[in-house]
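J.: Given next are the chains, with one letter for each unit.
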Amino acid sequence: MVIAKSNTLALQGTEAVALAMKQINPDMVAAYPITPQTEIVQGFSQFVADGEVDTHLVNVESEHSAMSACIGGASAGGRVMTATSSQGLALMWELLYIASGLRLPMVMPNVNRTLSAPINIHCDHSDSMGARDAGWIHLFSENAQEAYDNTLQAVRISEHPQVRLPVMVLLDGFIISHSLDRMESLEDSTVKEFVDVFKPEFSLLDAKTPTCIGAFDGLYGYFFEFKRQQEEAMRNAFQVVKDVGKEYGELTGRPYGVFEAFGLEDAEFAIIVLGSAAGTVRHEVECMRSRGIPIGMIKLRLFRPFPANELIEAVSHLKAVAVFDRSDTFAGGMGGPVFTDLRSALYESEKKPLMVNYIYGLGGRDLPVELINKAATELEQVAQSGQVKEKINYLGLKE
Amino acid sequence: MAVDIQGLTEIRWHARGGQGAVTAAKTLAEMSLVRDMFFQAFPEYGPERMGAPIRCFNRLSTNKISTYCGITNPQIVVVVDPTVMETVDVAEGMKEDGILIINTHYDPATIRKKTGVEGKKIYTVDATHISLDALGRFMPNIPMLGALLSVTGLLSKEDAIEFLKSSFGKKFPQKVVDNNIVALDRAYEEVKGE
Chain A
1 MVIAKSNTLA LQGTEAVALA MKQINPDMVA AYPITPQTEI VQGFSQFVAD
51 GEVDTHLVNV ESEHSAMSAC IGGASAGGRV MTATSSQGLA LMWELLYIAS
101 GLRLPMVMPN VNRTLSAPIN IHCDHSDSMG ARDAGWIHLF SENAQEAYDN
151 TLQAVRISEH PQVRLPVMVL LDGFIISHSL DRMESLEDST VKEFVDVFKP
201 EFSLLDAKTP TCIGAFDGLY GYFFEFKRQQ EEAMRNAFQV VKDVGKEYGE
251 LTGRPYGVFE AFGLEDAEFA IIVLGSAAGT VRHEVECMRS RGIPIGMIKL
301 RLFRPFPANE LIEAVSHLKA VAVFDRSDTF AGGMGGPVFT DLRSALYESE
351 KKPLMVNYIY GLGGRDLPVE LINKAATELE QVAQSGQVKE KINYLGLKE
Chain B
1001 MAVDIQGLTE IRWHARGGQG AVTAAKTLAE MSLVRDMFFQ AFPEYGPERM
1051 GAPIRCFNRL STNKISTYCG ITNPQIVVVV DPTVMETVDV AEGMKEDGIL
1101 IINTHYDPAT IRKKTGVEGK KIYTVDATHI SLDALGRFMP NIPMLGALLS
1151 VTGLLSKEDA IEFLKSSFGK KFPQKVVDNN IVALDRAYEE VKGE
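As given, the protein sequences belong to chains A and B, one line each in that order.
Those letters in the first sequence? Residues 1 to 399, by this note's numbering.
Those letters in the second sequence? Residues 1001 to 1194, by this note's numbering.
Be a bit skeptical, because a hint or two may be false.
Derived CB-CB ranges, DEER-like [to be verified]:
| # | chain 1 | residue 1 | chain 2 | residue 2 | range |
| --- | --- | --- | --- | --- | --- |
| 1 | A | Thr190 | B | Arg1049 | 39 to 45 Å |
| 2 | A | Glu184 | B | Pro1173 | 28 to 34 Å |
| 3 | B | Leu1008 | A | Pro255 | 22 to 28 Å |
| 4 | B | Tyr1106 | A | Phe330 | 52 to 58 Å |
| 5 | A | Asp27 | B | Leu1008 | 41 to 47 Å |
| 6 | A | Ile392 | B | Gly1070 | 47 to 53 Å |
| 7 | A | Glu225 | B | Lys1170 | 52 to 58 Å |
With the Cβ distance kept under 8 Å, some of the chain A side facing chain B (calculated, not the full set) [what the hints assert, rightly or not]:
| # | residue |
| --- | --- |
| 8 | Thr8 |
| 9 | His283 |
| 10 | Val369 |
Please keep in mind that the hints were generated in silico from the structure rather than gathered at the bench.
Yeah, the Cβ is synthetic: ideal placement off N, Cα and C, and Gly gets one too.
Extracted from the complex, chain A is given alone in its bound form (with noise of 0.2 Å):
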């Protein structure tokens, strides 16, 4: 009987997770349950109570906690990680900001989960979403493989030096977290190697050098030129995740960008999306390509920073995009976030499609393939007509 590759493992995207964290082996780990994001901190605390790693493994009361003693550990110079989903995410606000305005590296994987009410535990993106403007960056993976791969690149992201900001893993509660995937694993040894050491800029722990940390600074500090400094690391990030997604690529046969664009050149009119849908998008995109329709698609992974200028550069071309949103904005009429995003970015661009919107599988409403045929062969009108008739539009209602 052959098993394919020793490295080849059929494993859930919480395990993949969890995988990758026990090959990183933080330093610290707070760990705080919530579904569907339960199985990552399960999971690793049982590579704790197997002695399969070195972390300190800090079990606290709520998610509040888990995100304070993340910044705790982080200000004392370790290599700090936890994960949530959902209502976990909104408990940690405001220190989703205390991290980031700090400039703590650290790594949280975030299991999609909508927010209530009504209340619902399935996949959307509305928890990530919301948490758009606190200063983290945020990665999305379309499955179990993109999860391991960007929760180890998220560390290389985090910790470089020009960065200095927390990272958020992003994977689609229950359709990825829950489902059984083929992926391959690295060695130990090839992770170890890859994340390195952290070296942390300053530490509390540091005797020699001591540090204050989360100091008050009111109207004649320089509150201001921090927040000026978070946005200018944001803009460094760029180029960082493209570098380390390279080097990931050079290392594993997976490069990574800041999106993965697929049949743009010669397309008319593309769709751009997030997650896991990304996947189901490119099966039908294919179909409809190998029928001569000229569609294309962009799977984007950095949604924070927002790619702007890579994205501009690659749709300008087009007729028509239709941007697929998994959360909305509640904005009366703007569209969802990945939409009002683009949309603006592509304000000055003299060449630049016509946009539509679909929001789709909030609370965990499916995205058949059948949908996006739908969404598609609206575009494809739009992009021969050359008029929006419907510009925010939901996919695959009830009512």
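We have chain A already, so just place chain B on it with the hints.
T.: Frame of chain A, contents of chain B only:
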């Protein structure tokens, strides 16, 4: 009896909570790795409670799978607990040339008459009694997996048994592994189509 596993095969499992269907779907996915195939195994998450009808799914392919949506038109449907058929249309959305594998002591022709299923191939196996004999309790998941492997030709009986030995051996006591192997073996042999 072998079906074509080239291209994409989509499978839907019907069972009740607590009957191990999710484990069976996951085990099937892991087994397909032996054939260097690509796979997905995913449950349909709802209010999870013992005894309520549940569904879970597999995608299997010799090529990379990139669809991450639900399965509505499966080629193969496995009915782990025949009593779900009283309230659930297990043939819903099935393709005309689809395959139904049902846990029942009736033969395929009788179950077709009783359920009124038209077209499609029907296979039956008495997984309930097989599991009662082999395991001493009603746990029809592994026998149904055995029947599925037999019908599809996905894995030889010997390879499946070897897989259970190495995979289940890590998680369960030897007696449980041995009994499940007996159950899989019998279902693999006893499943019959019309």
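J.: For each hint, tell me whether it holds in the structure or not.
T.: Hints versus structure:
no.: 1; hint: A:Thr190 with B:Arg1049: 39 to 45 Å; verdict: 43 Å, holds
no.: 2; hint: A:Glu184 with B:Pro1173: 28 to 34 Å; verdict: 32 Å, holds
no.: 3; hint: B:Leu1008 with A:Pro255: 22 to 28 Å; verdict: 27 Å, holds
no.: 4; hint: B:Tyr1106 with A:Phe330: 52 to 58 Å; verdict: 55 Å, holds
no.: 5; hint: A:Asp27 with B:Leu1008: 41 to 47 Å; verdict: 44 Å, holds
no.: 6; hint: A:Ile392 with B:Gly1070: 47 to 53 Å; verdict: 25 Å, violated
no.: 7; hint: A:Glu225 with B:Lys1170: 52 to 58 Å; verdict: 56 Å, holds
no.: 8; hint: Thr8; verdict: 7 Å, holds
no.: 9; hint: His283; verdict: 5 Å, holds
no.: 10; hint: Val369; verdict: 7 Å, holds
Going through the hint list in order, the structure does not satisfy hint 6, though it satisfies all others.
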